[in-house]
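Chains as they are written, first to last, in this note's numbering: chain A, 315 to 508; chain B, 315 to 508.
Take these hints with a grain of salt, some might be off.
If chains are identical, the list can't say which one is meant, so a pair holds when it fits in one copy or spans any two.
[To be verified] No more than 16 Å apart at the CA atoms, straight line, and that leaves these computed lysine to aspartate or glutamate pairs for EDC-like:
| # | residue 1 | residue 2 |
| --- | --- | --- |
| 1 | K316 | E415 |
| 2 | K318 | E455 |
| 3 | K469 | E490 |
| 4 | K318 | E415 |
| 5 | K318 | E456 |
| 6 | K316 | E455 |
| 7 | K435 | E374 |
| 8 | K316 | E424 |
| 9 | K316 | E410 |
| 10 | K316 | E456 |
| 11 | K469 | E455 |
| 12 | K435 | E375 |
| 13 | K469 | E456 |
| 14 | K318 | E461 |
| 15 | K321 | E415 |
| 16 | K500 | D475 |
| 17 | K316 | E374 |
Honestly, the hints are just simulated from the structure, not real lab data.
There are 2 protein chains.
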Amino acid sequence: MKVKLGKIPLVYPIPIVLAGADVQGRPNFATLGDCGIMGLNPPLVYISLHRDHHTTQGVEEHQTFSVNVPPTSLLAVTDYCGMVSGQEVDKSGLFEVFYGELGTAPMIAECRVNLECQVVKAFGIQQRRVYVGQVVQTYVEEAYVVEQDGRQGIKPMTALDPIIYGLDNRYYRIGEMIGIGYHEGKGYQQADEA
Amino acid sequence: MKVKLGKIPLVYPIPIVLAGADVQGRPNFATLGDCGIMGLNPPLVYISLHRDHHTTQGVEEHQTFSVNVPPTSLLAVTDYCGMVSGQEVDKSGLFEVFYGELGTAPMIAECRVNLECQVVKAFGIQQRRVYVGQVVQTYVEEAYVVEQDGRQGIKPMTALDPIIYGLDNRYYRIGEMIGIGYHEGKGYQQADEA
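Only chain A is shown next, with the shape it has when bound in the complex (with noise of 0.2 Å):
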């Protein structure tokens, strides 16, 4: 029995990202949900910000963003940056910051993994600005990087221990892996073809 609950975004869990920007010359970053991956080759990441976000102004102006993913070690800092605006605080100071080859997508050194995009795509749909970034570069903190079948590649979620939000204004961390893609559904096709 299924129970109406009206018109709710109810996609989860959702993954908890700071989103980097260079606004006025200085680098800020905001919390958010909205972002996710929409093409792989090569690889397509949105984000999506309101139109009157600070972060916004210097996605706009650089064309260029950065993709966060913060450990549930930062989930105090990390749940700072989406109560606070950059237009009220400065949170350049609050991670030590790098950039890459784009020189405008600020990105931060204590998150395991980022992204330097440049924005291919742009629209405005409601009060937002959505912006479809082409990774141009990911960067893994080397402590999570593994050898897989003769090529670098990454450590487990688990290892990653990022932080997980649910509509219900939650944070989770990740729990035990149970099972591989592609895989567990042969028993399904053996079945179909029997």
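Put chain B on the given structure of chain A with help from the hints.
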């Protein structure tokens, strides 16, 4: 010390959902992680599909789709729906299907949460079609609905037990609750004002 891993869209963790559409008169479901929130009022979500996907045909035809969030108990069939195309396999019998007010967005009864969506924006990028959908109704299985502050809400993510995916091609379950939104950062705010 950061290592450059090249161009990887390493946003994580990502939700695993089953996107539903009626294709050639039959319900079809595609497993994807390229799904997220784009706006809140009214609620907007997106899905990104390969332009040649079977599901894409149905969304193009009806300009509607559903987002169904499977619990971990549906891992095998969810993985299976990502392994085979509706062009070759009829997926309409895998689930108990129901429809809502739009009439053309098939939803999965076994999923605890279903979003019924009307396309409000669509665009092509690379080999993808991206559909932004406005949620016209959110369906939640009765056992997961709770009363909160005099209105209906949902149980915690740990009860909903969604499937989480990482770009390590592993599935995970959700872990423990670690904090409350717009609350964990208060210590930073007070330190700032002191």
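Checking K316 and E410: alpha-carbon separation at most 16 Å within a copy, between copies, both or neither?
-> This pair counts as between: shortest inter-copy Cα distance 13 Å, intra-copy 48 Å.
Within a copy, between copies, both or neither: where do K318 and E461 come within 16 Å Cα-Cα?
-> between (48 Å within a copy, 13 Å between copies)
If the cutoff is 16 Å on CA atoms, where do K316 and E456 land: within, between, both or neither? Let me know, please.
-> between (47 Å within a copy, 5 Å between copies)
Between copies, within a copy, both or neither: which fits K500 and D475 at Cα up to 16 Å?
-> neither (29 Å within a copy, 22 Å between copies)
State whether the alpha carbon distance between K321 and E415 is at most 16 Å within one copy, between copies, both, or neither.
-> between (42 Å within a copy, 13 Å between copies)
From the Cα coordinates, with 16 Å as the cut-off, is the pair K469 and E456 best called within, between, both, or neither?
-> Within one copy, since 10 Å is at most 16 Å while 38 Å is not.
From the Cα coordinates, with 16 Å as the cut-off, is the pair K316 and E455 best called within, between, both, or neither?
-> So K316 and E455 pass the 16 Å test across copies only (4 Å; inside, 44 Å).
Identical-chain pair category, K316 with E415, by Cα at 16 Å = between (50 Å within a copy, 14 Å between copies)
Intra- versus inter-subunit Cα pairing at 16 Å for K435 with E374 | within (11 Å within a copy, 21 Å between copies)
Is it within, between, both, or neither for K318 and E456, if the alpha carbons may be no more than 16 Å apart?
-> Between. Shortest inter-copy distance 9 Å satisfies the 16 Å Cα cut-off; intra-copy 47 Å does not.
Can you tell me if K435 and E375 fall within 16 Å by alpha carbon in one copy, between copies, both or neither?
-> within (14 Å within a copy, 25 Å between copies)
Between K469 and E490, at a C-alpha cutoff of 16 Å, which is it: within one copy, between copies, both, or neither?
-> Only inside one copy: K469 and E490 sit 14 Å apart there, 20 Å across copies, limit 16 Å.
In terms of the numbered hints stated before, the structure departs from hints 16, 17, listed from lowest to highest.
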